[in-house]
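Number of protein chains: 2
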Amino acid sequence: MQEIVRVVVDAMGGDNAPDEQIKGAIQAVNSRDDIEIIFTGRQEVITSQLEKYTYPQERVKIIHADEVIETGESPVEAIRKKKNSSIVTGEMLVKNGEADAFVSSGSTGAVLAGGQLLVGRMKGVQRPPLAPLIPTENGVALLIDCGANVDARPSHLVQFAQMGSVYMERVVGIKNPRVGIVNIGAEEEKGNVLVKETYPLLKECKNINFIGNVEARDIPAGVCDVVVCEAFVGNVILKLYEGVGATMIKKIKAGLMSSLRSRIGALLIKPALKETVKTFDATQYGGAPMLGLKGLVVKAHGSAKSTEIQNAVIQCVEYKQQHINEIMGSIFNVSPEK
Amino acid sequence: MQEIVRVVVDAMGGDNAPDEQIKGAIQAVNSRDDIEIIFTGRQEVITSQLEKYTYPQERVKIIHADEVIETGESPVEAIRKKKNSSIVTGEMLVKNGEADAFVSSGSTGAVLAGGQLLVGRMKGVQRPPLAPLIPTENGVALLIDCGANVDARPSHLVQFAQMGSVYMERVVGIKNPRVGIVNIGAEEEKGNVLVKETYPLLKECKNINFIGNVEARDIPAGVCDVVVCEAFVGNVILKLYEGVGATMIKKIKAGLMSSLRSRIGALLIKPALKETVKTFDATQYGGAPMLGLKGLVVKAHGSAKSTEIQNAVIQCVEYKQQHINEIMGSIFNVSPEK
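Chains as they are written, first to last, in my numbering: chain A, 1 to 338; chain B, 1 to 338.
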């Protein structure tokens, strides 16, 4: 029998909370037998939402948490003060081993700060990266790191490459994933101090498939599976992906309205265009995992709908069942902690 | 009478050289009375190309240069060794005051290295940035710096903001251009060490219209006119713009071929789509100026066609006639040198 994976879902965080969070989690628990859902948040709100659905009652629990951390709050302060918030309550469950993973669409800062301060880093991990999947021409790539801690050191980037490789191979199912480091040219001697110092370390690293420098231009074309960069650069890449995509779609739509001929054409291509735009939509991929913690923390988009939450929960199950933390633990030469 | 601006055009650099370079320069000289073109490159090649066109002979010259710097060569070494190359010859003409500006589609590294080593920085300028125009929802923004020198200091970024403002106001015609610094959040306290140290300096800077942090997501929407960043980040932004755009277009085209209905629709929207893609095409804007030099150096795309070269030449004329270097000189508290 498959081991049951216990996933905490923050019912209060996100623009569409609690509706989409609860709907998504219920979709996940109904789709597989090996998931247990623990909702954190206001009991009465969650209970009243749950009445809408049919689901295996023995695999869905609620742990009441009265407070909600707002996006505007200082993350570290909020984590420290709002001990009875849905985020702190959820992350403490993971820390204490009462759950395996935590999914939230709430304040990114608070979720990440709590990941570090409450759940805690795995032994041997210097810095836990946030690693969303981004769409490429033929699939997805893992962008690692997009987190809150900028000004990384070379040794951090080497760990990102290792963690990202394990994740892509085991959770996403890409065999021998190609690892590239973001640089301003393809040649080995190019780059800033950080990249120049990191390059030889990656080249020597035996447990990754390092293919060298990648230019930002080639990331969407899918030249590598694990895109290693420092968090400031990762944040720029992630957000520009969204920004350029959104602006292009807007311009194309406006362009299609410019003549009668193109307006008729637009009607005919609408379904195909919608499908294409969807494959380039990061929210399909179930949120961004924060790697290198003692349990898994997944940050879903603030605007997440039920599909993203469902995929995030299933990602947690794969993560646990594929023993990702045990594998990472063995890479960093320590026995994995619970 | 308008002053005549002397623009050197590298006839040898670029994927489409010499055809498109010569065609574009001739289009420019035929469009206005205040341009003089000086071609550098192999005399016999240029002469034979010129036979195709009608143009004012007194305003078109050739200066023979036997060598060509290839893109693969080490830029600094190539600049030092190939003294008789079209790039070195052209930049030396600017240095010696025999021309006002230099346009090249050749090796970016060599053009930039020559800009610094041959043409030379204006007095008071710490680092000359490369500043391409990038398309936005409603127009263009200046991305400054995308050059070869990474790991900038805060004082460099302040000068980039000042130079960029002058350029956008005087050459592109945006009144009181909004200056933003690329950051990973909108709040003042966010960012890496460089941005945190630069922010207060920009805030205090009196001759710019500083609007604060901008997130990469908002750049394509056009939230600011001058996008200030360090060259590594600028390079990532510039290239990801191209990459995401190209991949989306590819995916949309493939999506349109997916059914008979959408294939018919695709035929109808083709002209409108083409027009839209064109407005998001950076090559429309006549190459990237390298600012803060004693004369203007413009780097056009390696794949530049005649329109880009024509626009690049006209940009040089505006630059000179708007006295950009004199204005920048007065900002940096020194008298501008020729």
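Keep in mind the hints are simulated off the structure, nothing from the lab.
Fair warning: there could be bad hints in the mix.
[Stated by the list, open to error] Restricting the straight-line Cα-Cα distance to at most 25 Å, the calculated cross-link-like pairs of lysine-lysine (PhoX-like) are: (1) A:K274 <-> B:K250; (2) A:K251 <-> B:K250; (3) B:K250 <-> A:K196; (4) A:K196 <-> B:K196; (5) A:K250 <-> B:K239; (6) A:K239 <-> B:K23; (7) B:K190 <-> A:K278; (8) B:K61 <-> A:K239.
[Unchecked claim] Label pairs and their in silico Cβ distance ranges: (9) A:N84 <-> B:R261: 38 to 46 Å; (10) A:L201 <-> B:S259: 35 to 43 Å; (11) B:N176 <-> A:N84: 45 to 53 Å.
C-beta: ideal position from N, C-alpha, C; glycine also.
Going straight from one Cα to the other, do A:K196 and B:K196 come out at no more than 25 Å? 24 Å, holds
For the pair B:N176 and A:N84, does the Cβ-Cβ distance stay inside 45 to 53 Å? 49 Å, holds
Just to be careful, I want the Cα atoms of A:K274 and B:K250 compared with a cutoff of 25 Å; is the pair within it? 14 Å, holds
Straight-line Cα separation of B:K190 and A:K278 no greater than 25 Å? Cα-Cα ~31 Å, so violated.
Outcome of range test on Cβ distance (A:L201, B:S259; 35 to 43 Å): 49 Å, violated
Pairwise hint evaluation, A:K239 against B:K61, where the allowed Cα distance is 25 Å at most: 47 Å, violated
C-beta pair A:N84, B:R261: status relative to the range 38 to 46 Å that was hinted: With Cβ atoms ~55 Å apart, the hint is violated.
Given the hint that A:K250 pairs with B:K239, does the C-alpha gap stay at or below 25 Å? Roughly 21 Å between the alpha carbons, so the hint for A:K250 and B:K239 holds.
Holds or violated: B:K250 and A:K196, Cα atoms, limit 25 Å. 33 Å, violated
Starting from A:K239, check that the Cα of B:K23 is at most 25 Å away, please. Not OK: A:K239 and B:K23 at ~39 Å, beyond 25 Å, violated.
Please work out if A:K251 and B:K250 have their alpha carbons no farther apart than 25 Å. 16 Å, holds
Of the hints listed earlier, those the structure fails to meet are numbers 3, 6, 7, 8, 9, 10, in rising order.
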